[in-house]
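Residue numbers (my numbering), protein chains in the order written: chain A, 97 to 208; chain B, 9 to 118.
Keep in mind that a hint or two might mislead.
Computed cross-link-like contacts, SDA-like style, restricted to lysine to any residue with a CA-CA straight-line distance of at most 25 Å [stated by the list, open to error]:
#	chain 1	residue 1	chain 2	residue 2
1	B	LYS105	B	THR57
2	A	LYS107	A	ARG192
3	B	LYS110	A	MET165
4	A	LYS158	B	GLU9
5	B	LYS77	A	GLN176
6	B	LYS105	A	VAL108
7	B	LYS50	A	ASP159
8	B	LYS110	B	THR57
9	A	LYS107	A	THR169
10	B	LYS67	B	ARG102
11	B	LYS105	A	LEU170
12	B	LYS50	A	LEU170
13	B	LYS50	A	GLN120
14	B	LYS87	B	LYS105
Have a look at the derived ranges for each label pair, beta carbon to beta carbon [said to hold, decoys possible]:
#	chain 1	residue 1	chain 2	residue 2	range
15	A	GLN113	B	GLU17	30 to 36 Å
16	A	ARG204	B	PRO16	22 to 28 Å
17	A	ARG118	B	THR13	30 to 36 Å
18	A	MET111	B	GLU68	43 to 49 Å
19	B	SER36	A	PRO104	34 to 40 Å
Don't read these hints as lab results, they were simulated from the structure. Think of the CB as a built atom: it goes at the ideal place given N, C-alpha and C, for glycine as much as any other residue.
Here is how the chains run, residue by residue.
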Amino acid sequence: DARVTQTPRHKVTEMGQEVTMRCQPILGHNTVFWYRQTMMQGLELLAYFRNRAPLDDSGMPKDRFSAEMPDATLATLKIQPSEPRDSAVYFCASARSGHEQYFGPGTRLTVT
Amino acid sequence: EDQVTQSPEALRLQEGESSSLNCSYTVSGLRGLFWYRQDPGKGPEFLFTLYSAGEEKEKERLKATLTKKESFLHITAPKPEDSATYLCAVRRNRDDKIIFGKGTRLHILP
């Protein structure tokens with residue numbers, strides 16, 4: 097049963113600390129997406145990759161967020177420095193290009 | 009500007025009481041409309057993809073339909089386990105990005 101996995105599932109950190117979230121996409125999927133979900137804004141696309149190349153990161157605050165795909169089995173989202181307004185659930189999703197996306201269970205981030 | 013609007017924001021139904029959720033969209037070149045289900049504390053779970061006006065898809069008590077401006081998710085004789093947030097999303101024809109609506113929170117009372 098192929099699934100997207102994300103770690104950690106929960107993260108509590110203090111303002112100013114670095115946060116790294118990891119995602120393992122489904123094997124064979126060549127597009128990977130990072131989303132942030134809040135009650136107020138719903139699901140917002142932060143960045144996405146196709147064949148490991150970044151295609152769009154216009155949804156990310158560039159000064160503090162960065163997203164990478166070191167290899168086909170790992171995508172990372174980093175926040176440095178973190179701020180309380182970054183508190184949200186962060187989802188990773190993967191897909192074969194042009195097909196439906198499958199979501200991971202999310203990382204719930206709390207910045208105090 | 010591409011956008012997706014879902015209504016109502018929340019819906020409470022008695023078990024067995026059928027209803028429909030609405031998703032209206034404006035997008036420059038539709039290349040697929042998606043419905044997802046999201047349970048509390050979990051990621052969205054894929055339900056359906058619709059590609060062209062007139063298309064319908066069914067799964068158990070759910071049926072999704074599509075017109076040129078909106079999609080409906082019909083729920084027939086719902087059960088408490090159908091309680092969830094239902095998300096609609098559209099993909100444009102120029103890239104892989106999909107735009108989500110804010111969802112409809114559905115609560116089925118036993």
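Tested hints:
no.: 1; hint: B/LYS105 x B/THR57; verdict: 15 Å, holds
no.: 2; hint: A/LYS107 x A/ARG192; verdict: 29 Å, violated
no.: 3; hint: B/LYS110 x A/MET165; verdict: 28 Å, violated
no.: 4; hint: A/LYS158 x B/GLU9; verdict: 23 Å, holds
no.: 5; hint: B/LYS77 x A/GLN176; verdict: 41 Å, violated
no.: 6; hint: B/LYS105 x A/VAL108; verdict: 30 Å, violated
no.: 7; hint: B/LYS50 x A/ASP159; verdict: 29 Å, violated
no.: 8; hint: B/LYS110 x B/THR57; verdict: 18 Å, holds
no.: 9; hint: A/LYS107 x A/THR169; verdict: 22 Å, holds
no.: 10; hint: B/LYS67 x B/ARG102; verdict: 29 Å, violated
no.: 11; hint: B/LYS105 x A/LEU170; verdict: 20 Å, holds
no.: 12; hint: B/LYS50 x A/LEU170; verdict: 21 Å, holds
no.: 13; hint: B/LYS50 x A/GLN120; verdict: 16 Å, holds
no.: 14; hint: B/LYS87 x B/LYS105; verdict: 33 Å, violated
no.: 15; hint: A/GLN113 x B/GLU17: 30 to 36 Å; verdict: 35 Å, holds
no.: 16; hint: A/ARG204 x B/PRO16: 22 to 28 Å; verdict: 27 Å, holds
no.: 17; hint: A/ARG118 x B/THR13: 30 to 36 Å; verdict: 34 Å, holds
no.: 18; hint: A/MET111 x B/GLU68: 43 to 49 Å; verdict: 45 Å, holds
no.: 19; hint: B/SER36 x A/PRO104: 34 to 40 Å; verdict: 38 Å, holds
The structure fails hints 2, 3, 5, 6, 7, 10 and 14 (numbered hints given earlier, in ascending order).
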